[in-house]
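Single-letter residue listing:
2 protein chains.
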Amino acid sequence: MAKAMHPRSTVVIEETHPAAADLRLPKVLAALADPARLLAVRALNRVGESPCTRLQQAAGLTISRSTFSHHQRVLREAGVIQVRVRGSQRILSLRRDDLDACFPGLLDAVLGTAPELIET
Amino acid sequence: MAKAMHPRSTVVIEETHPAAADLRLPKVLAALADPARLLAVRALNRVGESPCTRLQQAAGLTISRSTFSHHQRVLREAGVIQVRVRGSQRILSLRRDDLDACFPGLLDAVLGTAPELIET
Chain A
1 MAKAMHPRST
11 VVIEETHPAA
21 ADLRLPKVLA
31 ALADPARLLA
41 VRALNRVGES
51 PCTRLQQAAG
61 LTISRSTFSH
71 HQRVLREAGV
81 IQVRVRGSQR
91 ILSLRRDDLD
101 ACFPGLLDAV
111 LGTAPELIET
Chain B
1 MAKAMHPRST
11 VVIEETHPAA
21 ADLRLPKVLA
31 ALADPARLLA
41 VRALNRVGES
51 PCTRLQQAAG
61 LTISRSTFSH
71 HQRVLREAGV
81 IQVRVRGSQR
91 ILSLRRDDLD
101 ACFPGLLDAV
111 LGTAPELIET
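Respectively, the protein sequence lines represent chains A and B. If you use the working numbering, the first sequence corresponds to residues 1 to 120, in order. If you use the working numbering, the second sequence corresponds to residues 1 to 120, in order.
Copies of the same chain look alike in the list, so a pair counts if it works inside one copy or between any two.
Here are the simulated EDC-like cross-link-like pairs (lysine to aspartate or glutamate), alpha carbons at most 16 Å apart as the crow flies:
1) K27 <-> E119
2) K27 <-> E116
3) K27 <-> D98
4) K27 <-> E77
If you are wondering where the hints come from, they were derived from the structure by calculation, not from laboratory data.
One chain only, chain A, in its complex shape (with noise of 0.2 Å):
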């Protein structure tokens, strides 16, 4: 018997998430350049994947369910992190392989900066 072309436990990933091939430099940057979404991209990096509410808290980012879900969805569609639908949760990822393929050393020198050259 043919397999169910998507099962209930499907991972679904959105599609708005651009192609590595289409990750820009300048689109790339403004997506990090807000203390919020460098905060988040760092908890991301030291979490690992996470439920967009766990990452919030890792992050410590005391901000409204909607600015973390605009923040979310500027850093998605700059490439920057990969959002999957998992029932009613949403998972986040860093696209870090596409990230050092593009930008080679920018995640990580993001990522290096120290914690207080980055709150304004």
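Starting from the known structure of chain A, fit chain B onto it as the hints suggest.
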């Protein structure tokens, strides 16, 4: 006889440069998150300290003088470049030492990105 404090050949550094200790990652990333400013920074790295008119030419930027002037100001206020006034010329240089000290690897990553990943 005492030397004149400000002989005519003195290179004047404008007052509005942030100190190295005041550089912040979000502001530097925002300054770099623009194709024209990225091209200017990369040209400045290539040709070295330059009068702004020569730099604009080296960067291949066919934009108005006032637009280029705006880009210079954004880069200067973020701490990416230094602007010195010598006679009627504005001499631009990269603040490589300060950037490398604050954000190790960032400038190299930006300078090392393939040109086709800069234009949008």
